[in-house]
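A.B. asks: Residue numbers (the working numbering), protein chains in the order written: chain A, 12 to 488; chain B, 308 to 546; chain C, 5 to 197.
Treat each hint with caution, since some may be false.
[Stated by the list, open to error] Taking lysine to aspartate or glutamate and the EDC-like style, the derived pairs with C-alpha atoms no more than 20 Å apart in a straight line are: (1) A/427 to A/256; (2) B/470 to A/360; (3) B/470 to A/368; (4) C/188 to A/388; (5) B/489 to A/398; (6) B/415 to A/145; (7) C/193 to A/360; (8) B/474 to C/192; (9) A/37 to A/73; (10) C/188 to A/473; (11) B/474 to A/356; (12) B/489 to A/356; (13) C/189 to A/360; (14) B/489 to C/192; (15) C/193 to B/477; (16) C/12 to B/492; (17) C/193 to A/388; (18) B/516 to A/125; (19) B/474 to A/368; (20) A/320 to B/507; (21) C/189 to A/73; (22) C/12 to A/67; (23) C/12 to B/507; (24) A/320 to B/455; (25) C/188 to B/477; (26) A/294 to A/473; (27) A/319 to B/386; (28) A/201 to A/190; (29) A/231 to A/215; (30) B/415 to A/372; (31) C/193 to A/356; (32) A/387 to C/192; (33) A/128 to B/514.
[Said to hold, decoys possible] Just a few of them, taken from the derived set where beta-carbon distance is under 8 Å, the chain B residues facing chain C: (34) 407; (35) 410; (36) 428; (37) 434; (38) 442; (39) 469.
These are calculated hints, taken from the structure and not from any lab test.
Cβ atoms here follow ideal geometry from the backbone N, Cα and C, with glycine treated the same way.
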Amino acid sequence: MEDVSFRYENNGNAQNLTDIKLNVKKGEVILLCGESGCGKTTITRFLNGLIPNFFDGKRQGDVYLGDDLISEMPIYEISKHIGSVFQNPKTQFFNVDTTSELVFGCENLSMSVDEIKKRLDCVVNDFKIANLVDKNIFKLSGGEKQKIACASVSAVGPDILVLDEPSSNLDSKSSWDFEHIIKKWKEQGKTVIIAEHKLFFLSDVVDSIIFVKDGKIAEKWSIDEFRNINHRDFGLRQLNLDNLELKRKEYYSNNQEFLELKNFKFNYGKNQVLDIDDVKIPKNEIIAIIGKNGAGKSTFANCLCGLKKSCKGELIFDGKALKRKDRLKKSYMVMQDVNHQLFTESVLDEVLLSMDEEDVELSEDILRNLNLIHLKDAHPMALSGGEKQRVAIASAIASKKEILIFDEPTSGLDLKNMMKVSENLRYLQSLGITSFIMTHDFELICETCSHILHFDDGKIIDNYKIDENKLKDFFLR
Amino acid sequence: MGLELNFNLDPRTKIIILVILSFMVFNDMSLYVSGILVLIPFICLLFSNHKKSALMYIVVYVLAKYIQIYILPTATGLEAIILITFSYTTSRMLPILMMGYYTITTTKVSEFISSMERSNIPRDIIIPVSVVFRYIPSVYEEIKSITDAMRMRGFGMNIKSLKNPLKVIEFYMIPILISAVKTADELSAASLTRGLSNPEPRTHLLEVKLTKVDYSLLAITFIGFGIYAYNFLRGVLIA
Amino acid sequence: MSEMLNVKDLITVGIFAVILIVLIFAFGMLGYIPILMLALPILAALICGIPYMLFLTRVSKFGMVTLLGLILGIVMFLSGHTWVPILVFTLFAFIADCILKMGNYSSIKNSIISHGVFIMGIMGNMLPFFILRDYFMEAMRVSMGNDYVNVIAPFLNNGVLIILFILTFIAGVASAYLGKIVLKKHFEKAGIA
Chain A
12 MEDVSFRYEN
22 NGNAQNLTDI
32 KLNVKKGEVI
42 LLCGESGCGK
52 TTITRFLNGL
62 IPNFFDGKRQ
72 GDVYLGDDLI
82 SEMPIYEISK
92 HIGSVFQNPK
102 TQFFNVDTTS
112 ELVFGCENLS
122 MSVDEIKKRL
132 DCVVNDFKIA
142 NLVDKNIFKL
152 SGGEKQKIAC
162 ASVSAVGPDI
172 LVLDEPSSNL
182 DSKSSWDFEH
192 IIKKWKEQGK
202 TVIIAEHKLF
212 FLSDVVDSII
222 FVKDGKIAEK
232 WSIDEFRNIN
242 HRDFGLRQLN
252 LDNLELKRKE
262 YYSNNQEFLE
272 LKNFKFNYGK
282 NQVLDIDDVK
292 IPKNEIIAII
302 GKNGAGKSTF
312 ANCLCGLKKS
322 CKGELIFDGK
332 ALKRKDRLKK
342 SYMVMQDVNH
352 QLFTESVLDE
362 VLLSMDEEDV
372 ELSEDILRNL
382 NLIHLKDAHP
392 MALSGGEKQR
402 VAIASAIASK
412 KEILIFDEPT
422 SGLDLKNMMK
432 VSENLRYLQS
442 LGITSFIMTH
452 DFELICETCS
462 HILHFDDGKI
472 IDNYKIDENK
482 LKDFFLR
Chain B
308 MGLELNFNLD
318 PRTKIIILVI
328 LSFMVFNDMS
338 LYVSGILVLI
348 PFICLLFSNH
358 KKSALMYIVV
368 YVLAKYIQIY
378 ILPTATGLEA
388 IILITFSYTT
398 SRMLPILMMG
408 YYTITTTKVS
418 EFISSMERSN
428 IPRDIIIPVS
438 VVFRYIPSVY
448 EEIKSITDAM
458 RMRGFGMNIK
468 SLKNPLKVIE
478 FYMIPILISA
488 VKTADELSAA
498 SLTRGLSNPE
508 PRTHLLEVKL
518 TKVDYSLLAI
528 TFIGFGIYAY
538 NFLRGVLIA
Chain C
5 MSEMLNVKDL
15 ITVGIFAVIL
25 IVLIFAFGML
35 GYIPILMLAL
45 PILAALICGI
55 PYMLFLTRVS
65 KFGMVTLLGL
75 ILGIVMFLSG
85 HTWVPILVFT
95 LFAFIADCIL
105 KMGNYSSIKN
115 SIISHGVFIM
125 GIMGNMLPFF
135 ILRDYFMEAM
145 RVSMGNDYVN
155 VIAPFLNNGV
165 LIILFILTFI
175 AGVASAYLGK
185 IVLKKHFEKA
195 GIA
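With the rest of the complex left out, here is chain A (with noise of 0.2 Å):
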């Protein structure tokens, strides 16, 4: 039995957490929700021990594992009963090869070397992972690394686990491959503590779920209570996708025009990932690109904004045919890592960057009209996510880009802001941008999207106007 309590810590200027109770019996699942910054990742850190250990604060309270104090073990003794999986696989590693990852926690600790290789052995069976084991980490997909990390804290054998949005990064089957690798900790009889935005895959595993607000505990549900409230009014997403609807069933602009791919093709080595030999797809509207990992969609989403110059197809647009540096001119793409493509120190300089010639009341109005005005002089590195993203939209309207392909712009977003994320998508719409996704998130397609494209193993196997029992098939199981 666990007992877990504590009050607050004060972390800088404001209140993070406030006067949290909760106990947490030995065995339960416990998901931790709520918008973002109300506190989630706070509370975990407190129960991994990373505070007080590694963050500073003030700190009233305690928090009890059994009848010690975590504040008072050294953090490498509370690794031995508390495991941790964190949001962003890239920097959870330590290691460069997937069996020193595993064994590390391991190795850390001292165990023997026989023991070592029992506890390796029985990992790689549970989480069905002997095709992961001696590979290169920096070579997997998102949802592998995951893995990686889950068995090899596991592997340390801990009686509890923290995670920490752990799904973030995740396409929606290897979201359900988390749900079977939550499964069998519960089967184990282990405690797991999970913090999380995307809820649809967790459904089936959850036994009691905590609300967090503003740093304080706002409601404790059971699955069977939360499966009944409407999650829309507590700014949660979806715990049952099937619940959703379209938005939107017809496109948006009424005189269809098309833009052709032409010839799209891209090998590595000699394996070709992204085999496209003529594709129409309409213009002027928000077009969803699903698929699984790995299913070519980075590959063609780089083609098309003419990055990869090996890729030798033709983009037919307004009758004309776009070489790759064509293309590279009129599209432009928003990362999934934000950070890498906002170089200056104002948000105004960043939209002014992007114009030929400096316009500053061109730059204003568009920064107005994706409600950033108030950040101009902001640095965009200090900015959140989500504004973050409307800089990079704001500097592709500046240089007036009219393809525009975003790489999983909700990852890791609660309910309000990908909600607007689908607003922005919807005002580049109105200006006459041809939008492309590439998303797991069938809460965004069904808030969003006019047309799907549909990528399985370098091919587009289904190209259709938006159509929501196509889309179910895919997304649920």
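Place chains B and C on chain A using the hints.
C.D. replies: Coordinates of chains B and C only, in the frame set by chain A:
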């Protein structure tokens, strides 16, 4: 594939060879003296998954030596400066650079840590060095994605960026540094929750052992070095 | 220093070592242009000030800068630059660390000077070239004639080495000053420094 012929050396062997090869830089010897040392990186590369590099290496090296011996005496002017620089840098630096390349590409981080710990090197050195290995691929990915982002905004191999080289440097530097700071924090947090700060010595799943191959290569290296040193000392004494 | 540096410090050292290495190697490419080869340390010194100053915002105890130098030296060694850089880099980094310590790790003046000293460690990569100078000259004499060698010789003697050290130091100080400005311009505004 010839996989059964491939071998991998103990990281300690690689490092000892690197140390010894380093001496070659100080002195230019004729091929029959330094020959054995020159061949070592070739052998290592050939019997790992770097057959192409092995061949390239030996071709470039022979070319450099050829230039040095047959073309240089008759070369003049600017041509000569380029040839001298090329042939001398190559014949001295290339073996070491290739050995370095071999060491880095064929050593797993875990092997490296493991063998360093066996040699009782303090953790204060081991941890940063492992982070270096771990972070280089990340930085490489980041540089690629920033380059893409810049190209989409009209900065690339073109006049716009040549006009503002400082801007281009700044544009690369800022995102990379910001993500470096973030990575440092997140990676530390993740490692702490995995028990990295445990003061007790770590154990290692991966056994690194000096094998026959290690001993033979070390022996060859020392013989090569012996010949080399003997010739060097004789040269010094005569002079 | 074992007791003082914690895991986070060590990881920070590793991460920043990578940044510096990538910069040094990226600019090292320019070294293939023969004339620029001598200017390499100066170029590197000009560019490394920014990450170095950012690194210092994370440093508050003795040993981290020395360790950074040592790690850079080790990587140079592993990538085939001989073991000379290990000695040279660590030595200069140690002096830089001492300078920082005198400023209690908060004096801006000391930080800037310490970068000048620290970055002189890069000369470790160059030293082998100076050591093999005689052979280089001999080869030149054979093919280019005495006149030419007499013109170029002064550029390769110990005096030049000292001048290079001085120039590198000045470049290092200048770039650290620039780094301080960039720090203000970007990182403080972005809230990470």
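A.B. asks: Determine for every hint whether it applies to the structure shown.
C.D. replies: Hint by hint, here is what the structure shows:
1. A/427 to A/256: Roughly 18 Å between the alpha carbons, so the hint for residue 427 of chain A and residue 256 of chain A holds.
2. B/470 to A/360: 18 Å, holds
3. B/470 to A/368: Satisfied, since the Cα-Cα distance of roughly 16 Å is no more than 20 Å.
4. C/188 to A/388: 15 Å, holds
5. B/489 to A/398: The hint holds at about 19 Å.
6. B/415 to A/145: Given that 20 Å is the threshold and the Cα spacing comes to 10 Å, the pair holds.
7. C/193 to A/360: 14 Å, holds
8. B/474 to C/192: Within the cut-off at roughly 19 Å; holds.
9. A/37 to A/73: With a Cα-Cα distance of about 19 Å, the restraint between residue 37 of chain A and residue 73 of chain A holds, given a limit of 20 Å.
10. C/188 to A/473: 51 Å, violated
11. B/474 to A/356: This hinted pair holds, its Cα atoms lying about 12 Å apart.
12. B/489 to A/356: Holds - the C-alpha atoms of residue 356 of chain A and residue 489 of chain B are around 18 Å apart, at most 20 Å.
13. C/189 to A/360: Holds, at roughly 13 Å.
14. B/489 to C/192: Judged against 20 Å, a Cα distance of about 14 Å means the pair holds.
15. C/193 to B/477: Within the cut-off at roughly 15 Å; holds.
16. C/12 to B/492: 7 Å, holds
17. C/193 to A/388: OK: residue 193 of chain C and residue 388 of chain A at ~10 Å, within 20 Å.
18. B/516 to A/125: OK: residue 516 of chain B and residue 125 of chain A at ~17 Å, within 20 Å.
19. B/474 to A/368: 17 Å, holds
20. A/320 to B/507: 52 Å, violated
21. C/189 to A/73: 40 Å, violated
22. C/12 to A/67: Given that 20 Å is the threshold and the Cα spacing comes to 13 Å, the pair holds.
23. C/12 to B/507: 18 Å, holds
24. A/320 to B/455: Measuring from Cα to Cα gives roughly 12 Å; hence the hint holds.
25. C/188 to B/477: Judged against 20 Å, a Cα distance of about 14 Å means the pair holds.
26. A/294 to A/473: 17 Å, holds
27. A/319 to B/386: 37 Å, violated
28. A/201 to A/190: Measuring from Cα to Cα gives roughly 14 Å; hence the hint holds.
29. A/231 to A/215: 17 Å, holds
30. B/415 to A/372: Status violated; Cα separation ~55 Å.
31. C/193 to A/356: 8 Å, holds
32. A/387 to C/192: Holds, at about 17 Å.
33. A/128 to B/514: 12 Å, holds
34. 407: Holds - the Cβ of residue 407 of chain B comes within 8 Å of chain C, reaching about 3 Å at its closest.
35. 410: 6 Å, holds
36. 428: 10 Å, violated
37. 434: Holds. Min distance 4 Å.
38. 442: At about 4 Å, which falls below the 8 Å cut-off, the nearest Cβ of chain C leaves the hint on residue 442 of chain B intact, so it holds.
39. 469: 15 Å, violated
Against the hints set out earlier in the document, violations occur for numbers 10, 20, 21, 27, 30, 36 and 39.
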